[in-house]
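**Q** What follows is each chain in one-letter form.
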Amino acid sequence: MAAPPLKYKPNPKAPRQALPLLDAQVRARTAEEVALGFTPEQVSVEAQRCLQCAKPTCVEACPLHIDIKRFIARLAENEFQAAHDVISEQSPFPGVCGRVCQHELFCEDACIVGRKWDPVAIGSLERFAADHARLRMQELATSYPKPTGPKVALVGSGPASLIAAYDLIRWNYQVTIFEALHKLGGVLAYGIPNFRLPREILREEIARLQNMGVEFVVDFIAGKTASLAELMEEGYQAIFIGTGAGLPHMMGIPGENLVGVYTANEFLTRINLMEAFKFPDAPTPVRVGKRTIVVGGGNSAMDAARWANRMGSETTILYRRGRVELKARLEEIEHAEEEGIKFEFLAAPVALYGDENGYVKEIECIRMELGEPDESGRRAPVPIESSRHRIAVDTVVAAIGQAPNPTLQKVTPQLITRRGRILIDEHGETSMAHVYAGGDVVRGGSTVILAMKDGRAAAQAIHNALSGTPEVQ
Amino acid sequence: MNRVLAKRELAPLVTLLEVEAPRIQRRWKAGQFIIIRPLETSERIPLTIVDSNAERQSITMVIQAIGKTTKEAVSLEPEALMCDLVGPLGEPATMSKGKNVVCMAGGVGVAELLPVAKAFHQAGNRVTALCGARSENYRILDAELKEAVDELHWATDDGSFGFHGNVVQLLNSLAGPDTFQEGHVIGPIPMMKAAAEATRGWGLKLHASLNPVMIDGTGMCGGCRVTVGHEVKFACVDGPEFDAHLVDFDELTRRNRAYREMEQESLNHKCRVGLDIH
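Chains as they are written, first to last, in UniProt numbering: chain A, 1 to 473; chain B, 1 to 278.
A couple of the hints might just be wrong.
[Stated by the list, open to error] Facing chain B, a subset of chain A residues (Cβ under 7 angstroms, in silico): (1) Ala180; (2) His182; (3) Ala226; (4) Thr269; (5) Pro280; (6) Gly358; (7) Ile366.
Derived by calculation from the structure, the hints in this document are not laboratory data.
Just so you know, even glycine gets a beta-carbon here, dropped at the ideal spot from N, CA and C.
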């Protein structure tokens with residue numbers, strides 16, 4: 001089918017619109033969202049930068065295959081709600097993905113405009129469409145009938161299960177999501193800070209699934225509260241395991257159990273999930289002293305450092321490689337720098353020392369130099385023995401990665417795992433029949449969007465298995 | 001949300017709550033715990049499961065109301081809904097059979113000891129329970145314990161009932177290196193540490209059930225880490241029970257004190273946004 005003629009002339013030469021940000025001085029003291037979102041004027045310019053390619057490589061590159069070309073055309077025509085409807089065909093989470101998806105690695109990396117100029121700011125456009133449509137979430141959901149198909153259980157309420165639920169319920173399955181914590185969203189709730197993803201956005205996009213008939217059960221730990229076999233006995237015909245990578249790696253250095261030394265998971269869970277940034281108005285505290293050192297170079301390290309800084313601590317990120325090797329998104333690194341967070345590159349902790357009450361007071365570091373590339377392809381840090389030195393510190397956060405949550409695997413020996421990761425076949429099925437898995441519990445630490453890709457693939461596999469029809473509907 | 005079925009004061013500031021929890025009731029084993037969040041505005045805290053009732057599909061917990069969250073928990077009356085209750089968490093208590101077993105507890109730990117003592121007895125061990133209380137009227141679950149074990153002895157700090165002294169002194173007065181082959185201890189850290197010291201070299205395998213600071217209880221945060229025999233363990237998933245002779249109790253004491261001032265601040269705090277229930 002030929003596309004209707006455009007009502008405007010694309011202008012890719014216009015400068016890529018910069019996402020307005022809250023002033024760095026202001027935001028370094030608040031939990032308010034850092035990125036403010038495009039104005040309608042910016043949307044108009046940015047959307048018209050899209051060439052509306054005949055073969056849109058961005059759509060192919062998007063792990064969810066959102067029809068980017070078409071939603072951008074709607075935005076360019078000021079049809080904001082129609083743009084949201086186009087996204088909804090593939091994803092009910094544009095507010096979340098417009099903020100946390102790594103567009104620079106997927107759609108924007110594939111954007112043809114980017115070959116000559118800056119790529120179209122697809123992420124910010126997605127976010128605009130989401131924010132514009134927020135008020136009509138309720139209305140969007142009410143037209144769905146109650147599902148009557150087979151029962152499917154999704155374990156964990158993170159991104160992988162959420163997208164699987166969206167697909168399955170539209171195919172008429174009765175979907176239940178089981179969550180271990182008391183709040184929904186998985187890593188989106190406990191891991192990602194409010195200033196990157198405001199909680200009301202997450203709540204509203206999850207509420208959209210609830211309105212569609214997805215059932216959510218909190219305070220349920222699969223393997224503990226009930227086994228997978230029990231869920232099957234209760235009538236669930238397929239189970240998807242999306243329990244994520246929540247087991248923190250430890251530094252393995254002396255003094256790690258001193259008071260004031262946190263894993264990034266604990267630090268972020270206290271602040272994001274339990275809202276310790278409001279203490280004592282919220283009941284859970286967190287110890288953030290005058291000087292904080294965050295160890296690591298990924299997004300969790302940036303998140304923890306930016307929280308510590310917001311809570312009034314002079315904050316330094318200690319990373320054993322150099323700036324170019326940082327694993328965090330460039331955007332997050334730049335935001336951290338703007339907010340006044342210091343970086344100490346090519347340095348690693350070797351020991352922690354405490355005072356007489358067991359509170360951490362010093363961190364001993366060692367300088368590194370970069371040697372030959374290691375298995376990750378990056379040059380491996382090599383310690384310089386003579387460079388040991390101590391830095392005074394009150395709070396230390398170890399953000400050095402995490403492994404899959406082991407709880408379910410531990411009590412389900414039928415699930416075959418490798419280094420804690422659940423093994424799956426090409427259909428996303430585990431070693432147990434009708435039990436599927438995806439996201440970080442399969443990949444180890446990965447990203448929100450790849451978890452969603454896995455959740456979507458698993459939903460399709462479950463549909464194929466339960467309906468007996470291999471065709472895509 | 002879980003409905004409170006019954007509430008009973010066992011001793012001053014010590015309250016028993018029976019709460020509806022069908023799935024946990026079916027699956028729990030002695031030594032396991034739950035995490036509760038009594039109100040929408042509460043912190044998450046771990047509590048040992050004390051008992052269960054299949055007919056009422058309920059579990060029982062015993063709470064000493066000394067902090068903000070524990071006070072919020074015991075403010076719940078029958079028919080009220082507890083906001084969150086999740087479990088059963090942790091590994092069940094280690095069980096053996098055909099042994100002479102000593103079970104020791106102090107304070108509210110006496111309630112937490114009950115299911116373990118019962119399980120040891122049912123597994124075919126001869127069980128001696130040594131329980132401590134401040135004074136006679138602080139003794140809890142006396143009848144239930146008596147029924148569950150072969151021998152029950154009380155120690156009170158003021159001598160108002162049973163042995164005059166603490167549980168470890170009572171142990172030393174009754175037993176020596178060869179009296180027991182296995183033991184379980186639960187209660188305040190100084191008491192568990194003293195029990196470990198007293199029995200070091202006795203040839204007694206002593207399990208201590210630890211209660212460190214915890215948030216999620218599923219191995220995610222690592223807040224509950226303890227050092228056991230120079231290894232870092234997560235009490236929520238590797239425990240809560242560990243070899244008492246290998247636990248670094250001094251470190252546990254320091255870690256459990258980490259939020260003491262903040263807990264006091266929280267207890268005294270009158271919330272600006274009107275969320276406070278008191």
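**Q** Evaluate each hint against the coordinates.
**A** Here is what the structure says about each hint:
| no. | hint | verdict |
| --- | --- | --- |
| 1 | Ala180 | holds (6 angstroms) |
| 2 | His182 | holds (4 angstroms) |
| 3 | Ala226 | holds (6 angstroms) |
| 4 | Thr269 | holds (5 angstroms) |
| 5 | Pro280 | holds (4 angstroms) |
| 6 | Gly358 | holds (3 angstroms) |
| 7 | Ile366 | violated (21 angstroms) |
Of the numbered hints stated above, the single one contradicted by the structure is hint 7.
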